[in-house]
Amino acid sequence: MSVSDYQIMQCVIKDLAYLTVMFLLVFSTGCSQDQLELGIEGTIIGENGQLIPSAIVSIDGSENQSIMSDEMGRFFIDGIASGTYQISVTKIGYNIYRTQVEIIDKILSNGVVLEKEGSQTISGKVMDINNSDPVPYAKLTIGQVNEVTRSDEQGIFRFTRKLTPGMYTITTEVEGYQTLNVQIKVGLGEPVSTDVQVIRLQPILNVIDNVVIFEENETQKIVNITNRGTGELVWSITDPKLDWLKISPIQGKITNCTAIVNIIIDQEILTSRQPSKTLHITSNGGSQKVEINVTTKTALLNISVKQISFGVDRESETLRIENIGGGILKWRVSVPQAWVSLRPFEGVTRQIPSVVNIHIDRSRLNAPGRYKQVIQVMSNGGIARVELILVVPIQPELQVSSENIDFGSELRVTDLIIKNSGTGELSWELKFPRTDWLEIDPQQGIIKDSQSAVITLRADRNLAEPGGYKIPVTVETNGGMEKVIVGMFVSKPSILTNPKRLDFSAYIDTQTIVLSRDGYGPIDWNLIPEAKWVFATPAEGTVSDDRIEVQITISRQEMLQGMNGTQLAIFAKKAKDSRIIIPVTVNVLPDIRVIVRDVRSRLPVRDAFTLDGVTDRNGLVELKNFKQLVVYDKVEVEGYIDQDYSLRVNITDSALVEKTVWLTPLPKLTRTIESVDFDLPAEIILSSDGMFAYVTNTQGNSVTKIRTDTDKVVMAFDLSSDGFEPIGLDLNPITGEIYVVNSIFEPEWIVRARADDMVPDTVSIIDPSFSRSKKIVVGKRPVDVAVDPIRNTLYVANSLSGTVSMIDLTNQKTITEIAVEGVPNRLALVRTYLYFTTDRGVAVIDTELGQVTSTIQNIGHQPVDLISDGEQYLYVINNSSNNISIIDTVTQTVIKTLSVGLRPVRATISKSGLLYVVNQGHRDISIISRTDQGWRVIEETIPINSNSHGVAVLPDDSKVYLVRSRNSVIDVLGFDNF
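For what it's worth, the working numbering labels the leading residue of the sequence shown as 273, then goes sequentially.
Calculated directly from the structure, the hints in this document are not laboratory data. Any given hint might turn out to be false.
Unchecked claim - For lysine-lysine, the following DSS-like pairs were computed, each having C-alpha atoms within a straight-line distance of at most 25 Å:
id : residue 1 : residue 2
1  : 940       : 1183
2  : 1085      : 1046
3  : 434       : 388
4  : 896       : 764
5  : 896       : 804
6  : 977       : 1047
7  : 845       : 984
8  : 549       : 513
9  : 896       : 906
Construct the entire structure; sequences and hints are all you get.
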């Protein structure tokens, strides 16, 4: 039972005599309890209207309480006095909600709207679009509201202003990057996160006319430098340092304008020379070269011919380019068509003529005909044109896919492909000796240029005798002739069997043999079994193109236990193999007998269902001619836990395999322990040997000791001097000490009226003699305790402090207080890890580090208890979701979830591995057993009394103890005569 259960229970019991009670259905830990008239209820929603579960609602006033909203966002705080209260609502990811209300004479309804952290604000990261690096110190502006912010060193930005839902434009400005506008949609109640990717400014060097020619008497030229990219282009020219050449300027910066570079030469120095120079221009946007050529005389272009004819077959010609003037002739030939190629296509000519090779490619022309093309020679000495003329003739050409086609002994259909690899139309016809077995279609036709015809050849071996065949097929066309040799082989037919042997395992009585023909022509056959217990249907027939299925059936009645063998003989006179043998083996398994007995009384169990039958009065089920090598089944009968079992029938020479299955009976209510010592009992534990049970009495401020062999109360130990209202307890199996937490659940006005140091919350250490105790002060409202007997350390969950106390039992002093998130409740120690439930789930403390190291994911709703099997697995009882979560403590992950009854509250586990879960809602106990395949919930449950809470089971499963707090009694579940 959780902390909130005991608060409600205390208030109801103490104030029942004078309070008017209203009945409300409250889902807490499975108990339906009476509530006070005064209270606060409401529903928690988000700004967009969605319901918010698992929010913490706290009130602060004349009384302080906290509660968690349910799955529908609802909450209800009852049992409070009238007055003014401060309400606060918290949830991770949302802003804290606070308001003040006044409670006078009725239940107050109060709706809560939670606002998400950063609701309707925009944040994100500015990044370089090319390498995703963060861009710091970028200026971002929301134009619609004139909101401005800047990104930090990591490129992160955030607008703190809460915006009205709608579309907004964010303008991003940063030095070295292009300005970017981004459209962002802001939704109701939601924060917006977006990444802004900006483009870096990138200049590109461009030089206009990178060849500069100075003609006779020219002394000055200019070169234009432009920036074809973005951003600032920084350029420079390497100074050649020549007496006849001057460059100005030799460096500069441009963005969107043009830089003009002046090139000045001194012609007087060049009267007897024709120099040239290459200038190198470098920049942050690339590099280029500028060629400077100086001529003292004017060049003049002359070509050898103005028309070149390639006729119908020539592919190349030459063109001579001459400079009949002076100086340097710089020329370039333009080629507009892809079927014409030149080498070289540009150059410089002085006194020696230049030769240009012209090559044409007729394959690039679409159709036959006469073609003309004009190429243009451009130079500084004039322009000339040359006309190119050629003819593409019509010329079909035959091409066949293969010169030999072999059908072999199996192929029936194949193709021959005829292609016109030339131009025009290819007329073709096939000529070959006529024969019955070869069919060709089509045998003639016309193929246009670059197209193909597919000819199908079929061989019918049914029309030919066994042997080899070859036929020449001539392809005659107007584009050539080809000969194709077509061959075929006909072999003697054979009968094929599939499979080639039959193995009847223990569970098969019928198999099928498929007969087919390899080759051509019908084959008559008959099948003869060697043994009388083998039958064939049909036993004879004819096989041709279609397959025949023969069903082989066996009868085990005349066989011996073990492996039996025989063979089938198939006779076919016309086949290649006239006699075919098929081996047959049959496995016969022994009979099975299952005996079902009660594990406690050792007596047979009748009417138990297994192997599709029920046991007789001797607890027997027998099965003959069973057809499985391995049996996996279970035994089911009312009043017992279902039992899985398996057996193998192929590992014995015996004719009978016997298996005894022991059933565990379900315990039932056998007695109720009553005693004046019981005063609102809460939790129960057993001694390590199971001889004694210890029960905490929250009203009596004591612990009661019970003998489990007689179910009698031995004595009660008073803890009033240590503290009040003991709840959780644990026992040290090594020292025998008992540890009890004393948690005082008093009304808030009483707590304020007394000094905190007068009656502090404590944990009691009861001596093994059960005659004296010591106390240690711990945090506020401790609820559970767990002992580590190896390290002699005690752990206490303090619900109100939000801490776990770590106590050194050797010195009996608190080592540290470990702060946790939420309200800690139940504890379970597994090796060096302490697991504990909170109002938020299940968390883990590494006891060697002394801190919370992880939170278990995928736990059910409202975990109220957890228990370890002492080995690897931990079971968490989820009250609201009506299931248990199974945690693998090695990986600290949930590996399985099992549904149980309504509102489970506590669980206990026996040494045999049976898990007993107390379901308050259904008033029963669910039993979960672990098998080789995992875990399963036993279908049959154990009925119990209402309000059952604490539970413990003896190591041998002989008794289960249940605490009924309201009735102040202990119910005992057991077995008759035990």
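These are the hints, each one checked on the structure:
1. 940 - 1183: This hinted pair holds, its Cα atoms lying about 19 Å apart.
2. 1085 - 1046: 11 Å, holds
3. 434 - 388: The given pair, whose Cα atoms are some 11 Å apart, holds under the 25 Å limit.
4. 896 - 764: 50 Å, violated
5. 896 - 804: Holds, because 22 Å separates the two Cα atoms, which is no more than 25 Å.
6. 977 - 1047: The given pair, whose Cα atoms are some 19 Å apart, holds under the 25 Å limit.
7. 845 - 984: With a Cα-Cα distance of about 94 Å, the restraint between residue 845 and residue 984 is violated, given a limit of 25 Å.
8. 549 - 513: Holds: residue 549 and residue 513 sit about 11 Å apart, inside 25 Å.
9. 896 - 906: It holds: about 18 Å lies between the C-alpha atoms, which stays within 25 Å.
Checked against the numbered hints listed earlier, the structure breaks hints 4, 7; every other hint is satisfied.
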